[in-house]
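Listed in order, the protein sequences are those of chains A and B. Numbering-wise, full-length UniProt numbering puts 61 at position 61 of the first sequence, and it's gapless, one number per residue. Numbering-wise, full-length UniProt numbering puts 306 at position 306 of the second sequence, and it's gapless, one number per residue.
Keep in mind the hints are simulated off the structure, nothing from the lab. Don't be surprised by glycine CBs; every beta carbon is placed ideally from N, CA and C. Please note that the accuracy of each hint is not assured.
Label pairs and their calculated CB-CB ranges [unchecked claim]:
| id | chain 1 | residue 1 | chain 2 | residue 2 | range |
| --- | --- | --- | --- | --- | --- |
| 1 | A | S53 | B | S79 | 56 to 62 Å |
| 2 | B | G158 | A | L6 | 49 to 55 Å |
| 3 | B | R200 | A | P175 | 33 to 39 Å |
| 4 | A | R174 | B | T90 | 40 to 46 Å |
| 5 | B | R234 | A | L98 | 55 to 61 Å |
| 6 | B | P59 | A | G82 | 31 to 37 Å |
| 7 | B | G141 | A | S53 | 28 to 34 Å |
| 8 | B | T90 | A | P175 | 16 to 22 Å |
| 9 | B | H111 | A | V68 | 20 to 26 Å |
| 10 | B | A86 | A | F121 | 30 to 36 Å |
Only some residues are given here: those of chain B computed to face chain A with a beta carbon under 8 Å [claimed, not checked]:
| id | residue |
| --- | --- |
| 11 | P94 |
| 12 | Y95 |
| 13 | L99 |
| 14 | M101 |
| 15 | V103 |
| 16 | Q125 |
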Amino acid sequence: MPPAALLALLFFYPLALIARQAFLDDSGVANFAEVIHVLHSRFFLNALVNTVSISVAATAGCLVVGLVLALILAFVPFPGSGFIAQLIDTFIALPTFLVTLAFTFLYGSAGMLNTGLMEAFSLPLPPVDFLYSAWGVVLAEVTVYTPFILRPLLAAFSLVDRGQIEAASVLGARPFRIVRQVILPAAIPALIAGGSLCLLLTVNEFGIVLFIGAKGVITLPLLIYGKAIQESAYQVACIIAVVNIALSLGLFSLYRIAAGRLGS
Amino acid sequence: MSAVAFTGTSVMDVDAAKVRGAGSNVHFDKVSVAYGAHVVLHPLSLDIAPGEILAMIGPSGSGKTTALRAVAGFVRPASGRIRIGATDVTDLPPYERGLGMVVQNYALFPHMRVEDNVAFGLRAQGADKALVTERVKDALGTVGMSAYARRYPRELSGGQQQRVAIARALAVRPRVLLLDEPLSALDAQIRRNMVEEIARLHRSLPGLTILYVTHDQTEALTLADKIAIMRDGRVCSHGPTTELYRRPPNRFTAEFLGRANLLPVTIVEGVGSKGFATARHGDKMLTGAGRDEKTGAKSLLCIRPQHLSLTADSEHTNRIVGTLREVHWQGELTHLMLDVDGTPVRISATRLPMALPEPGATVPLFFTPADTSLVPEDAGV
Ligand SMILES: Nc1ncnc2c1ncn2[C@@H]1O[C@H](COP(=O)(O)OP(=O)(O)O)[C@@H](O)[C@H]1O
Ligand SMILES: [Mg+2]
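Pulled out of the complex, with its shape left as it was, chain A reads as follows (with noise of 0.2 Å):
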């Protein structure tokens, strides 16, 4: 099977590279000392603590504005909409780290919302830095990732009967209570696809990360960068990036099984 084959060597092969680098010493003898030193040490952790945390928190911001955008745009639509939703929907195309600098120029140190502050108020320094930190990331994450949860609610929003939302109405149900209880139903399989989807994207970011550059927040990728390219540290690097493949395709499976229903 040459397409099987071809894609073992295109894909595979360089995993298993990064495996073998991970459990191998130099010599070739599998060396199980120095993945469980890089698994206990604090700089392992701290990645792996902050990559989960600010991951799970920016997805949770996804799901709630996506939510909340979706049911707006879907449901009570106004004059220019689905203009709207098209324009949130190009956001996948750009590149990450692009949002993260149109977040310097407004909420950086020297961007719009702090000067304009300072001179208002007459402040010395800027007054607002939550951008250096892990908000700042979850923030940016946010923003670049709220429209993979957008598109597949918008889709299944759109294949509720508009009568079953009538007839709730008839029946006496107020707004808050059709949406719990006859549309996000409907959702659920969308919710979960986009949700699994930004969990796996937000792990692996790399960019975002980069360009905050928030002391003290490094995540897997970007100590994987560091611990490479940097510290030239290959195997240190290589026993991290199996435990990011590990979390990524766990994650992969999850978003799979979700779009599978979300197909049927």
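Once you've looked at the hints, dock chain B with the ligands against the given chain A.
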């Protein structure tokens, strides 16, 4: 179940209404609806009495659904007010109007079991558990779906889903039940059964006011106490069902409500003391039930297909002559298509002479003056 006939008001009707909670009347007060510059409902004034079934019928696009959705609260009138009972509901959201609604495609909640679908409205209105259980049982029993309480909608046939939709609407004890083409998605056999079931349902809930929108005149004739016929966003006639059928006030009503043969005639002698006028069609003098037709006026003589006969008898004092064009045998009915001086005429008969004339033959047709009605040529058109 009470033994009260579903038309007319009797003492028992009133008693049952008291027990069940009396239905409300619905009042359209010069209600108009427009989409942009497109007026789809011209100022409409109409009253549906408590416990009455009003069928609103008319061709597709005539504004029936729009009128019903204005009552439900999904369409904002451009002008006019809508009252339900003593309440002006024009500015109330749908969830505060206390109605029930059933639409063509059922609109059941697909992820809820039948019982939860039926319980939805009660829970939304904050009913306590015991009441929900009791009412759900009651409503499902009323539509004969008790055995299906644990099923999901997708596990039911179309007819069963529509029964559940009706139960869901009834469970909240609505003041008014709105039905928009409720049977149009069902096939003919099931539709006939469902019409009878809705009639039975209304006999058991005589206080329930029903607005029944349909394009099917059979459903309307079977169920309705009164009928409103819509045309191009206007009510073109409104009245008690049998009266509208027997004495259509205009051509559109005569043709839309049951098929009518309409012979163009000229009034020779106006309505006499017995309510009959003499009219001329070609060289034939005919007698027809009239209103206030003036001598010399042009009119249409409405004769229903089942009232024309190929054989004479003492009652059949009217006689015309036609040319037989086609014969359609349909089992219980046979339809004969004829041509009477250029006017197409249809006869529907259960019994015909053994030897039918061949197409092309000239045949005499007989009918009784009491079965006819003179329809003004241009009123309401
Ligand atoms: N949302 C809408 N926007 C614009 N026109 C509409 C809308 N809904 C209905 N109409 C128009 O209003 C007219 C009456 O429609 P409707 O009340 O649905 O008719 P019916 O139920 O008698 O078939 C039609 O001409 C239809 O095209
Ligand atoms: Mg309609």
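These are the hints, each one checked on the structure:
Take A:S53 and B:S79: their Cβ atoms lie about 58 Å apart, and the range 56 to 62 Å holds. Range check, B:G158 to A:L6: about 52 Å between beta-carbon atoms, so the 49 to 55 Å window is met. The beta-carbon spacing between B:R200 and A:P175, approximately 36 Å, falls within the hinted interval of 33 to 39 Å. For the pair A:R174 and B:T90, the beta carbons lie near 19 Å from each other, so the given range of 40 to 46 Å is not met.
A beta carbon spacing of about 59 Å between B:R234 and A:L98 agrees with the range 55 to 61 Å that was offered as a hint. Under the hint 31 to 37 Å, the C-beta atoms of B:P59 and A:G82, about 33 Å apart, fit the expected range. Between B:G141 and A:S53 the Cβ separation comes to about 55 Å, which falls outside the hinted range of 28 to 34 Å. At about 20 Å, the beta-carbon gap between B:T90 and A:P175 stays in the expected band of 16 to 22 Å.
Checked against the given bound of 20 to 26 Å, the beta carbons of B:H111 and A:V68, roughly 22 Å apart, stay inside it. Distance hint for B:A86 and A:F121: a CB-CB separation of about 58 Å, inconsistent with the stated range 30 to 36 Å. Taken as an interface hint, B:P94 checks out: its beta carbon lies about 4 Å from the nearest beta carbon of chain A, inside 8 Å. Contact between B:Y95 and chain A, as hinted, is supported at the beta carbon level, the nearest pair being about 5 Å apart and thus within 8 Å.
A hinted interface residue such as B:L99 counts as satisfied when its beta carbon comes closer than 8 Å to some beta carbon of chain A; here the least separation is about 5 Å, so the hint holds. Proximity of B:M101 to chain A holds as hinted, the smallest CB-CB distance being about 4 Å (cut-off 8 Å). For B:V103, the shortest C-beta to C-beta distance to chain A is roughly 5 Å, which falls under 8 Å, so the interface hint holds. For B:Q125, the interface hint holds, the least distance from its beta-carbon to any beta-carbon of chain A being 4 Å, beneath 8 Å.
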